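Trainee: Knowing the structure of chain A, use the given hints to seat chain B on it.
Taken in sequence, the protein lines are chains A and B. The first sequence begins at 1 in my numbering and counts up by one. The second sequence begins at 1 in my numbering and counts up by one.
These are computed hints drawn from the structure, not numbers from a lab. Note that the coordinates shown come from a computational prediction; the quantities given were computed from them, not determined experimentally. Careful: at least some of the hints might be erroneous.
Claimed, not checked - Each pair of labels, with its calculated beta carbon distance range: (1) S178(A) / H215(B): 30 to 40 Å; (2) P249(B) / R93(A): 25 to 35 Å; (3) V113(A) / D203(B): 53 to 63 Å; (4) A171(B) / L256(A): 38 to 48 Å.
Don't be surprised by glycine CBs; every beta carbon is placed ideally from N, CA and C.
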Amino acid sequence: MRLRQGLFRAALLASVAVGLLALGALVVRVVIDGWSYLDWALLSNAPSSDSTVAGARPAILATLELMAIVIVLGVPVGVGTAIYLEEFADGRRWYNRLLEVNIQNLAAVPSIVYGILGLGFLVHGANLGRVLLAGGLILTLLVLPTIIIAARESIRAVPQGVRLGAFALGATPWQVVSKQVLPAAIPGIATGSILALSRAIGESAPLLMIGALLYAPKDPTLLSGFVALPVQIYNWIRLPQPEFHGLAAAAIVVLLVLLLTMNAVAILLRNRFQRRW
Amino acid sequence: MVRPVADAPLRALDVRAEDESSSALPKAGVFDVRGLTVRYDGVAAVRDVTLEIREREVTAFIGPSGCGKSTILRSFNRMNDLIPGATVEGSVRYHGTDLYAGDVDPVEVRRRIGMVFQKPNPFPKSIHDNVAFGPRVLGLKHDLDERVERALRQAALWDEVKDRLGRNAFALSGGQQQRLCIARCLAVEPDVLLMDEPASALDPISTARIEDLMHDLKREYAIVIVTHNMQQAARVADRTAFFSVAAEPDADGVRSGLLIEMDETLRIFTQPSDSRTEGYVTGRFG
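Only chain A is shown next, with the shape it has when bound in the complex (with noise of 0.2 Å):
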């Protein structure tokens, strides 16, 4: 019995282990290959031939926008559909339960069909072109079930006798939800939508099927051409000159930074407000 447990326990740490070796492996490799490049100049520079002088400043800065776009439109829409499913869908109608599978299935579709889809439909379709909108916008698409599924769950867990007191008290539907249901649920919703948030701003397909720039020289505004970092990353890795590669390296702890940033500020949010109902 206690073999089988010391056996079982080896078998879960080997399973821990292969997670964090890799990652730990990759981290430690692009720190030594990025380190040398890590200065200001990545930073402040735009990319150039001369990687003595090239830095990713432009595309640090797209990625920047990238995600207030994301904010902007993708949390509040991801919020209302998510409220609307828990607190007004009637679950019994099919045109709800079709809406339910439908989003669903659509978190588990590969990024560089919603790549295809603004292509078709922002770039060419609505003629925005090749603009960093409307990346903005397909990475919206992309990370809007993730936001939409965060959401449900922590209005779910709201406790029902929360939403029956504000009732029974004379509130408005509107008022139990926006006074008690989603003030109770902000923390998770915030957490579901950094997460969602790093993932698109690692995004690197769609971006760059709708034709995203392989050289942006210029500060990004919504409606110029852009490169964003992980865009950038890719071009630097695919010259053949080893100093880009350092640079590609440095500009992975960037990005790397940026997401366990967010990742960080998710898990202070979840603590600082962990209820126990």
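Mentor: Using the frame of chain A, we list chain B on its own:
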């Protein structure tokens, strides 16, 4: 008894309406229930209930599980509306106004008829904000702190929480949470308190405090309490209604709940007129 009401009173529901409708009863009726049947998805949970709830009295609903007593209670403030598939036949008149008439807004009904639930359900907010929620929703923002204090005093909770009104309500004990939920109802100065097994999740000491509270509150409110605890009904109730489950399935093939009899509590427990009541209160059935 005329109380200040929310800024948008529904005239048809106004308590003053009783002036026209009150008849020869010694204590005015608050609810006049006639032939009430409540169905869930077409299946009757409780059938053809006719009874009256009087003001400044505690009325207890007793009976075995599944007899529909909670369902009847929830039809008094239209909480059944929140259950998909629930339908109501018959009439519930509140001070003469049919609560299920087409032009009655359930939100308006619930503002006058408070409800306390089986499991204490404080909001995930501070003690103060729990009590202030009702008044805020009704737009009663004037003298909010006094209103909160008055409600907490009425619920016999003030002395225990006055120094920590800003603390989260979950920090309170179960019994304190339940009194907080009662205070939350009282803050909007309702006319009636509906209590659905308010002490079943509490220890005996907390239960006694809630029962004492009901004795105090019935001077001003009509109280209806659903309870599984017959001693509790005997202790707190002026009148008691005994519900049971039909012995034979009805036309739909279900055994729905029925009101067997309603009388002075003492009579129900000592000389009930129905043998089923006697069987239940003496512990031979249920």
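Trainee: Determine for every hint whether it applies to the structure shown.
Mentor: The hints, checked one at a time:
A hinted range of 30 to 40 Å for the beta carbons of S178(A) and H215(B) is consistent with their spacing of about 38 Å. Checked against the given bound of 25 to 35 Å, the beta carbons of P249(B) and R93(A), roughly 31 Å apart, stay inside it. Between V113(A) and D203(B) the C-beta distance comes to about 58 Å, which sits within the given range of 53 to 63 Å. Between A171(B) and L256(A) the C-beta distance comes to about 40 Å, which sits within the given range of 38 to 48 Å.
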